[in-house]
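J.: Next come the chains, spelled out residue by residue.
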Amino acid sequence: MNSLSRFLVELQDISFLFWRMLRGLRKQPRYFDEMIRQMDSIGVGSLAIVSLTGFFTGSVLILQAYPTLEYYGAQSSAGQSVAITLIRELGPVLCALMVAGRVGSAISAELGSMVVSQQIDAMRALGTSPARKLVTPRVIALVVTLPLLTVAADVFGLIGGGIIARYLYALDANTYITSLRAGITIQDIIGGIIKPIVFGFIIGLISCHKGLTTQGGTVGVGKSTTDAVVLSSITVIIADFFLSKVLQGFFGNTLF
Amino acid sequence: MLETETMTQPRTSISPVVPAIEFRDVELAFDDRVILDGINFTVRRGETKIVLGGSGSGKSTIIKLILGLLRADAGTILVDGEDITNADEQELTEMRKKIGMVFQEGALFDSLSVYDNVAYRLAEEGIDDDEIEHEVIRMLRFVDLEDAIDKMPIELSGGMRRRVGIARALVGSPSMVLFDEPTAGLDPPTARTICELAIKLRDLEGVSSIFVTHEMNNLRYLSSEYAIVDGEGRVFFEEEGDKLCLINTKVMMIKQGDIIFDGTDEELKLSNDPYIHRFITGR
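So the protein sequences, as listed, match chains B and Z.
Residue numbers are given in this note's numbering: position 44 of the first sequence equals residue 44, and the series is strictly consecutive.
The number in this note's numbering is simply the position in the second sequence, starting from 1, with 1000 added.
These aren't lab readings, by the way, just hints derived from the structure by calculation.
A couple of the hints might just be wrong.
Pairs of lysine to any residue, SDA-like flavour, derived with a Cα cap of 20 Å [unchecked claim]:
{"id": "1", "chain 1": "B", "residue 1": "245", "chain 2": "Z", "residue 2": "1126"}
{"id": "2", "chain 1": "Z", "residue 1": "1098", "chain 2": "B", "residue 2": "129"}
{"id": "3", "chain 1": "B", "residue 1": "27", "chain 2": "Z", "residue 2": "1122"}
{"id": "4", "chain 1": "Z", "residue 1": "1064", "chain 2": "B", "residue 2": "216"}
{"id": "5", "chain 1": "Z", "residue 1": "1064", "chain 2": "B", "residue 2": "27"}
{"id": "6", "chain 1": "B", "residue 1": "133", "chain 2": "Z", "residue 2": "1113"}
{"id": "7", "chain 1": "B", "residue 1": "27", "chain 2": "Z", "residue 2": "1111"}
{"id": "8", "chain 1": "B", "residue 1": "27", "chain 2": "Z", "residue 2": "1206"}
{"id": "9", "chain 1": "B", "residue 1": "133", "chain 2": "Z", "residue 2": "1088"}
{"id": "10", "chain 1": "B", "residue 1": "27", "chain 2": "Z", "residue 2": "1091"}
{"id": "11", "chain 1": "B", "residue 1": "133", "chain 2": "Z", "residue 2": "1111"}
{"id": "12", "chain 1": "B", "residue 1": "27", "chain 2": "Z", "residue 2": "1044"}
{"id": "13", "chain 1": "Z", "residue 1": "1064", "chain 2": "B", "residue 2": "129"}
{"id": "14", "chain 1": "B", "residue 1": "133", "chain 2": "Z", "residue 2": "1122"}
{"id": "15", "chain 1": "B", "residue 1": "223", "chain 2": "Z", "residue 2": "1206"}
{"id": "16", "chain 1": "B", "residue 1": "133", "chain 2": "Z", "residue 2": "1206"}
{"id": "17", "chain 1": "B", "residue 1": "133", "chain 2": "Z", "residue 2": "1124"}
{"id": "18", "chain 1": "B", "residue 1": "133", "chain 2": "Z", "residue 2": "1123"}
{"id": "19", "chain 1": "Z", "residue 1": "1097", "chain 2": "B", "residue 2": "216"}
{"id": "20", "chain 1": "B", "residue 1": "27", "chain 2": "Z", "residue 2": "1126"}
{"id": "21", "chain 1": "Z", "residue 1": "1097", "chain 2": "Z", "residue 2": "1206"}
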């Protein structure tokens, strides 16, 4: 099979998985307990790394942008510049990449090991659909928690930027906050929430698909884990571009 | 000898005429590699079919086809008289309730305790907790593992894992049980225990089964011993001989996707086929 047809087959498999997952939501049993457990391990478990990522991203944005802003005498727009970059782009994307690395790999490795040790076969033999029992709770948990994690990353990023502006460049805190509030529009916030919802689907479906199609023993588990992280990270970055374009179409190309 | 509780629940009434499992000209290939090349066989009710064959001969594939985990390319598979070849996932789920499956390494769910593993099928069906507990304890007693009820699979030895796997397969009293190399990698006494469980199921519960293996010890136990219960409910194993000759155990041998032998163990030993001879004697 050449790489194009392989890509199309994978795309078809992922679409089927998406469909089965959606159908899994409609039917009993719905595995709410499992969903809550996954939200805890995915959401709460990722909070620390996502907050740290956000904090230092916000900090470095101010660190690099402030001298330029100062050159043009636009220091008072420091808050606005970091807010727009973070909330529109870096918050959702970096958060999704961190979660893809931490959670996508875990999902794919767990499901892959279950395939290799025949636990998935056993589950089907015992009358349970793996899509419903394993995929649906994980994808839903990602879709619910990723926007929340993104908000956490955004908030910590703004705090980080504020601290650097205040203590490294001696910018007045009030100026920073005023510029933040002036810079953020409701469209930015809505766009910044819609993106992680889509990214949640992407990471969840790709990781589950890669895990469930693991072949070739323990080596296969390693391969599908790597594939899951690489593929979901790349897809997130590509999808971000197109999503941004679509959102611009909806909200208008608002610049400051 | 073993003193264990036998299963007492009545099984669903079934016509003795309809075979438990029937394959008609079943073919399967992955890309260019032929796995099964038009095979035909029948497992009658209450019969144990021992499937012999080297690694990669297609033994385990047969079991996956019966469960609907794989689809055949051509031919017909009948389970309990029903054609499952083109059944959808929902029909397959219903069909799977009649079948218990014992996997090679047990395939226990790592994240669940022994209790939850055995209870899995009933919990999924939404049965109430008291009933589940009763059934789980009954099954763990059948495989002599009541003490391990709260352990996690990681704490169990290989043999114990297989026995928990058997207990899990037997929950819900299936009328058919499929064993996929249940004794692979076990020491001889533990392997013997697994075979004894299969014999008990055959002789005391009337379960039809397919027992995939490549170990000659298993063949000897299953085709020459039978289980009886004395007045106090204790189970004994006796060798066939003058009193009784086992007719409920058949042997089938597969080589590269073809059935090269289907008959009794006595006929197998008399076979002139050089491959069979080498398989039995190891030379």
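J.: All hints, please: hold or fail.
T.: Evaluation of the provided hints:
About 47 Å separates the Cα atoms of residue 245(B) and residue 1126(Z), which puts this hinted pair outside 20 Å; it is violated. Note on residue 1098(Z) and residue 129(B): the hinted pairing holds, with a Cα-Cα distance of about 17 Å set against a maximum of 20 Å. For the proposed pair residue 27(B) and residue 1122(Z), the alpha carbon gap of about 18 Å is at most 20 Å, so the pair holds. About 18 Å separates the Cα atoms of residue 1064(Z) and residue 216(B), which keeps this hinted pair within 20 Å; it holds.
A threshold of 20 Å between alpha carbons decides the hint, and for residue 1064(Z) with residue 27(B) the separation of about 26 Å lies outside it, so the pair is violated. Of the pairs offered as hints, the one joining residue 133(B) and residue 1113(Z) holds, with about 17 Å between alpha carbons and a cut-off of 20 Å not exceeded. A hinted pair counts as satisfied when its Cα atoms are at most 20 Å apart, and residue 27(B) with residue 1111(Z) does not qualify at roughly 24 Å. Between residue 27(B) and residue 1206(Z) the alpha-carbon distance is near 36 Å, which puts this suggested pair outside the 20 Å criterion.
Simply put, residue 133(B) and residue 1088(Z) have alpha-carbon atoms about 18 Å apart, close enough for the 20 Å limit, and the pair holds. The suggested pairing of residue 27(B) with residue 1091(Z) holds, with an alpha-carbon distance near 16 Å, which does not exceed 20 Å. Straight-line distance between C-alpha atoms of residue 133(B) and residue 1111(Z) comes to about 14 Å, which keeps the hinted pair within the 20 Å bound. For a cut-off of 20 Å, the pair hint linking residue 27(B) to residue 1044(Z) is broken: about 36 Å separates their Cα positions.
A C-alpha spacing of about 16 Å is found between residue 1064(Z) and residue 129(B), which places the hinted pair at or below 20 Å, so the restraint holds. Under the criterion of a C-alpha separation no larger than 20 Å, the hint pairing residue 133(B) with residue 1122(Z) is consistent with the structure, at around 15 Å. The suggested pairing of residue 223(B) with residue 1206(Z) is violated, with an alpha-carbon distance near 45 Å, which exceeds 20 Å. Restraint check for residue 133(B) and residue 1206(Z): the C-alpha separation of about 33 Å exceeds 20 Å, so the hint is violated.
Only pairs whose Cα atoms come within 20 Å are accepted, and residue 133(B) paired with residue 1124(Z) is accepted, the gap being roughly 10 Å. Of the pairs offered as hints, the one joining residue 133(B) and residue 1123(Z) holds, with about 13 Å between alpha carbons and a cut-off of 20 Å not exceeded. Our distance criterion of 20 Å between C-alpha atoms is broken by residue 1097(Z) and residue 216(B), whose separation comes to about 29 Å. Of the supplied pair hints, the one linking residue 27(B) and residue 1126(Z) holds, its CA atoms being roughly 14 Å apart against a limit of 20 Å.
Restraint check for residue 1097(Z) and residue 1206(Z): satisfied, since their Cα atoms lie roughly 17 Å apart, inside the 20 Å limit.
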